[in-house]
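Let's have the full structure, built from the sequences with the hints guiding it.
2 protein chains.
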Amino acid sequence: MNEITMGLDVKSDRPLYEQIYQFIKEEIKSGRLAFGERLPSTRKLAEHLQVSRSTVDMAYEQLLSEGYIESVPCRGYFISELDGIYHLVPKNHAKKQKEPLPEKCYAYDFSPNGVDLGSFPYNAWRKLSKNILMDDKKELFMLGAPAGEAILQETIADYLHQARGVACRPEQVIIGAGTDYLLMLLCSVWGGRRKIAMENPTYKRAYRVLKTLNNEMYSVSLDKNGMRMEELEKSGADVAYVMPSHQYPLGTVMPMKRRMKLLGWAGEKPGRYIIEDDYDSEFRYKGKPIPCLQGFDRKGCVIYLGTFSKSIAPAIRVSYMVLPDSLMEAYKSRGSVFASTVSRVDQMIVAGFLREGYYERHLNKMRALYRGRHDALLEGLKEIPGITVHGENAGVHLLVTFENGMTEAEVIARAGKEGIRVYGLSGYYTENTQETQKATVILGYANLEESEIRRAVSDLKKAWTVRNVSMKKAGEDNGDH
Amino acid sequence: MNEITMGLDVKSDRPLYEQIYQFIKEEIKSGRLAFGERLPSTRKLAEHLQVSRSTVDMAYEQLLSEGYIESVPCRGYFISELDGIYHLVPKNHAKKQKEPLPEKCYAYDFSPNGVDLGSFPYNAWRKLSKNILMDDKKELFMLGAPAGEAILQETIADYLHQARGVACRPEQVIIGAGTDYLLMLLCSVWGGRRKIAMENPTYKRAYRVLKTLNNEMYSVSLDKNGMRMEELEKSGADVAYVMPSHQYPLGTVMPMKRRMKLLGWAGEKPGRYIIEDDYDSEFRYKGKPIPCLQGFDRKGCVIYLGTFSKSIAPAIRVSYMVLPDSLMEAYKSRGSVFASTVSRVDQMIVAGFLREGYYERHLNKMRALYRGRHDALLEGLKEIPGITVHGENAGVHLLVTFENGMTEAEVIARAGKEGIRVYGLSGYYTENTQETQKATVILGYANLEESEIRRAVSDLKKAWTVRNVSMKKAGEDNGDH
Numbered sequence: 001m002n003e004i005t006m007g008l009d010v011k012s013d014r015p016l017y018e019q020i021y022q023f024i025k026e027e028i029k030s031g032r033l034a035f036g037e038r039l040p041s042t043r044k045l046a047e048h049l050q051v052s053r054s055t056v057d058m059a060y061e062q063l064l065s066e067g068y069i070e071s072v073p074c075r076g077y078f079i080s081e082l083d084g085i086y087h088l089v090p091k092n093h094a095k096k097q098k099e100p101l102p103e104k105c106y107a108y109d110f111s112p113n114g115v116d117l118g119s120f121p122y123n124a125w126r127k128l129s130k131n132i133l134m135d136d137k138k139e140l141f142m143l144g145a146p147a148g149e150a151i152l153q154e155t156i157a158d159y160l161h162q163a164r165g166v167a168c169r170p171e172q173v174i175i176g177a178g179t180d181y182l183l184m185l186l187c188s189v190w191g192g193r194r195k196i197a198m199e200n201p202t203y204k205r206a207y208r209v210l211k212t213l214n215n216e217m218y219s220v221s222l223d224k225n226g227m228r229m230e231e232l233e234k235s236g237a238d239v240a241y242v243m244p245s246h247q248y249p250l251g252t253v254m255p256m257k258r259r260m261k262l263l264g265w266a267g268e269k270p271g272r273y274i275i276e277d278d279y280d281s282e283f284r285y286k287g288k289p290i291p292c293l294q295g296f297d298r299k300g301c302v303i304y305l306g307t308f309s310k311s312i313a314p315a316i317r318v319s320y321m322v323l324p325d326s327l328m329e330a331y332k333s334r335g336s337v338f339a340s341t342v343s344r345v346d347q348m349i350v351a352g353f354l355r356e357g358y359y360e361r362h363l364n365k366m367r368a369l370y371r372g373r374h375d376a377l378l379e380g381l382k383e384i385p386g387i388t389v390h391g392e393n394a395g396v397h398l399l400v401t402f403e404n405g406m407t408e409a410e411v412i413a414r415a416g417k418e419g420i421r422v423y424g425l426s427g428y429y430t431e432n433t434q435e436t437q438k439a440t441v442i443l444g445y446a447n448l449e450e451s452e453i454r455r456a457v458s459d460l461k462k463a464w465t466v467r468n469v470s471m472k473k474a475g476e477d478n479g480d481h
Numbered sequence: 001m002n003e004i005t006m007g008l009d010v011k012s013d014r015p016l017y018e019q020i021y022q023f024i025k026e027e028i029k030s031g032r033l034a035f036g037e038r039l040p041s042t043r044k045l046a047e048h049l050q051v052s053r054s055t056v057d058m059a060y061e062q063l064l065s066e067g068y069i070e071s072v073p074c075r076g077y078f079i080s081e082l083d084g085i086y087h088l089v090p091k092n093h094a095k096k097q098k099e100p101l102p103e104k105c106y107a108y109d110f111s112p113n114g115v116d117l118g119s120f121p122y123n124a125w126r127k128l129s130k131n132i133l134m135d136d137k138k139e140l141f142m143l144g145a146p147a148g149e150a151i152l153q154e155t156i157a158d159y160l161h162q163a164r165g166v167a168c169r170p171e172q173v174i175i176g177a178g179t180d181y182l183l184m185l186l187c188s189v190w191g192g193r194r195k196i197a198m199e200n201p202t203y204k205r206a207y208r209v210l211k212t213l214n215n216e217m218y219s220v221s222l223d224k225n226g227m228r229m230e231e232l233e234k235s236g237a238d239v240a241y242v243m244p245s246h247q248y249p250l251g252t253v254m255p256m257k258r259r260m261k262l263l264g265w266a267g268e269k270p271g272r273y274i275i276e277d278d279y280d281s282e283f284r285y286k287g288k289p290i291p292c293l294q295g296f297d298r299k300g301c302v303i304y305l306g307t308f309s310k311s312i313a314p315a316i317r318v319s320y321m322v323l324p325d326s327l328m329e330a331y332k333s334r335g336s337v338f339a340s341t342v343s344r345v346d347q348m349i350v351a352g353f354l355r356e357g358y359y360e361r362h363l364n365k366m367r368a369l370y371r372g373r374h375d376a377l378l379e380g381l382k383e384i385p386g387i388t389v390h391g392e393n394a395g396v397h398l399l400v401t402f403e404n405g406m407t408e409a410e411v412i413a414r415a416g417k418e419g420i421r422v423y424g425l426s427g428y429y430t431e432n433t434q435e436t437q438k439a440t441v442i443l444g445y446a447n448l449e450e451s452e453i454r455r456a457v458s459d460l461k462k463a464w465t466v467r468n469v470s471m472k473k474a475g476e477d478n479g480d481h
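Those protein sequence lines, which keep their order, are chains A and B.
Using my numbering, you'd call the opening residue of the first sequence number 1 and step up by one each time.
Using my numbering, you'd call the opening residue of the second sequence number 1 and step up by one each time.
Under the rule of at most 30 Å between Cα atoms (straight-line distance), these lysine-lysine pairs were calculated in the DSS-like manner:
id: 1; chain 1: A; residue 1: K130; chain 2: B; residue 2: K11
id: 2; chain 1: B; residue 1: K29; chain 2: A; residue 2: K127
id: 3; chain 1: A; residue 1: K332; chain 2: B; residue 2: K204
id: 4; chain 1: B; residue 1: K127; chain 2: A; residue 2: K127
id: 5; chain 1: A; residue 1: K127; chain 2: B; residue 2: K130
id: 6; chain 1: B; residue 1: K127; chain 2: A; residue 2: K29
id: 7; chain 1: A; residue 1: K195; chain 2: B; residue 2: K332
id: 8; chain 1: A; residue 1: K11; chain 2: B; residue 2: K127
id: 9; chain 1: B; residue 1: K286; chain 2: A; residue 2: K29
id: 10; chain 1: B; residue 1: K127; chain 2: A; residue 2: K130
id: 11; chain 1: B; residue 1: K332; chain 2: A; residue 2: K204
id: 12; chain 1: B; residue 1: K211; chain 2: A; residue 2: K195
Pair by pair, the computed Cβ-Cβ distance ranges are:
id: 13; chain 1: A; residue 1: K130; chain 2: B; residue 2: R208; range: 33 to 39 Å
id: 14; chain 1: B; residue 1: N123; chain 2: A; residue 2: R208; range: 38 to 44 Å
id: 15; chain 1: A; residue 1: E329; chain 2: B; residue 2: G427; range: 22 to 28 Å
id: 16; chain 1: B; residue 1: K29; chain 2: A; residue 2: F296; range: 23 to 29 Å
id: 17; chain 1: B; residue 1: N123; chain 2: A; residue 2: R53; range: 22 to 28 Å
Interface residues of chain B toward chain A, partial, derived using beta-carbon atoms under 8 Å:
id: 18; residue: S129
id: 19; residue: A177
id: 20; residue: G178
id: 21; residue: Y181
id: 22; residue: M184
id: 23; residue: V337
id: 24; residue: F338
id: 25; residue: A339
id: 26; residue: V345
id: 27; residue: N364
id: 28; residue: K365
id: 29; residue: R367
id: 30; residue: A368
Simulated from the structure, these hints should not be mistaken for lab results.
Built from N, CA and C at the ideal position, the CB exists for glycine as well.
Right, dumping it as structure tokens:
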């Protein structure tokens, strides 16, 4: 064959060499150009198509590099045998994608798991990600260290020291793709079933994860200072999972005295541990942040868990766990066999984000933003009679307890009628809730603008006041007030 | 205060508003501007600094958004209380970073774990990653589905069907950050200790991971067709971990008959499974690729494992596991509690890479590249007397067995003296190797250019021929030949 005739579109965005490459590739795939056939020389084809010879050269180069043609010295280019050449036909998925069932539509959703995604620092992220990929650094695409990149370990250790009072060496920081994974890894480091006490109510995701990993789970109730020590003692647990900075969902801040008691409990018997989940300690609106439990641990009992999911975005699958010295040997033998779950590129982006000051800026911005929402919500709730607010001053949610005799279901339903979604506290209990408890709902405000919050709270006032008024009247008659 | 005096650098890359913002921020942090102090109005400061008012507006806006200042309507801007504002001081790590101990330096390293990183499709990756981040799609930064993004599940299911003959619905494809993680997840889905037989020699990483996860491990030897069935039967194992397309490290391709026997074994008793690790099936140089075992599984016994680590780069932490229908219920109850370990952004990049034809192109390019290296290595090895080559035709490594009486240690040492690193087969055995075995080394060629391979093999010829010649002479004397 000495001629290949094709239509070239000189006005197309696709370069000419690419059009030639594509045409010949299709001819080969379809079998119109068969195994062993000789292609015209680049000179001849260039003349024939009225293009420069280097254009044809580039097209042939591409075909060569993908194995469609072979070059035989002094003889020219020949069509290769196509056995095993990949030819993947993209399927048309359009028809398959089912519409998800419409959920009940709410005008305002006070989800306690929200993060303000509008504030995601896209520009900084893009810039860092571009710079890192720009370097064509080969080593970034090799498998990294199991615990994480040294530079990210150091950066996180520094940050935790400054912001949270964590005392650790960089190698104690284990980086992983999410808290669930890190708990999986921790269970493997322990190497056997544990008896784990969690606060009740609690972060049920962690409860389910630890239970699924074959641990024996206990639920311990809280008083106003956090996990009840006497119940913990009685439970027979050897691990206590706590959120001392801002308990989820109650918002309790564990005071120093209880922290010391807890550390005392852990130090009493060898093999006892505290898991300190510091999931949203970044956001505190009143007073100085309380340093974490880990910083006071002198016996190597505390496993510290943190994440960038709350402070940056849930999809940034970068969390970390600070292991105490007492578990480092076990990590080396039973933890470091697992390759890191976070790509080196992502680790470098996060390290850059922290080191170049973006994280500091982002945290301060989010803190100001959330504080505004927090204040707007508190202010609005003051107008509603018969309720008590608690768990405020930190985090991105607060709790409202009803003193007016409404049931939780009623509170939720009344809000729902106004198009507002609120979340019942009872859903966060791992064991049955006491029936006597007053109705309590959780309001997360990270996802709503201040103006939305004001409108929503004024609607909530309508929803939640009606019965209250009649109750009060009834109460007055009965002499309850 | 009505004046803030600062030096502005109009020639700087940093915009003026940023310089003003930075200056005032530092003044606040240092305490020179204290809580409650009023800032000059934007008009006044603009006049004073001889900049436009909008420049000062932007600087104040930034300070407001990060919580350093507050705006009081009709009164102006005031310094905020700084309690809890993050101020992270970057540490100077320069002195801490230790130089790693220099490893023995080799001119050529025939590592069997290599991937040609020079061919990483940086441009396509950058483009996809840019496009995905460009969209500012909020939902991409929310937590995704535990098993993975539906579009990536579909894309992988299509690809596996076309390229490997895998038969599955998209929801059976579970995406995870690396094979180690997926094995962890699989063990959690099983929910208890298993008796797992692996080929010997094998991929020891998987052996260690499964052992660390508390499984009982058995080693089964291979004949020329793969795992020995009678040994598997005798072992009492209920799970067989095999690499039928290209056994690691022996390179054995399991013929259809043995595959059917293995499937028969698994189907015999309920609860028996086969883990099919198809780690490098993308690269085959002779004949059509053999469809995978999973495609012939009628009883739901096969768990199929694949990864983009070999075909794209080890740092792309995206692997997948295809669960049989028989395990889908168990996955729902004991696997889907774990949040996905791969960020949605990364999942979308990989989905785009496959759907937009980049992967097809990349695979064909790599196949052509590796085939060239494979051929160069085979050609060179033909020149060396007294050796047999096996495990070729697929993957990115082959094996060389020595018929000349040299020990493995001697073979490695002789290559090392020429500056060439080769890997002894004995390191891949989980149990003691038989002493009688002939010295065998593994040569991986993914990391070396064709020209490097030619030079390295010519040096290997020198290294490995000397003794051989003397042996042959000795042999002739003894009448062995």
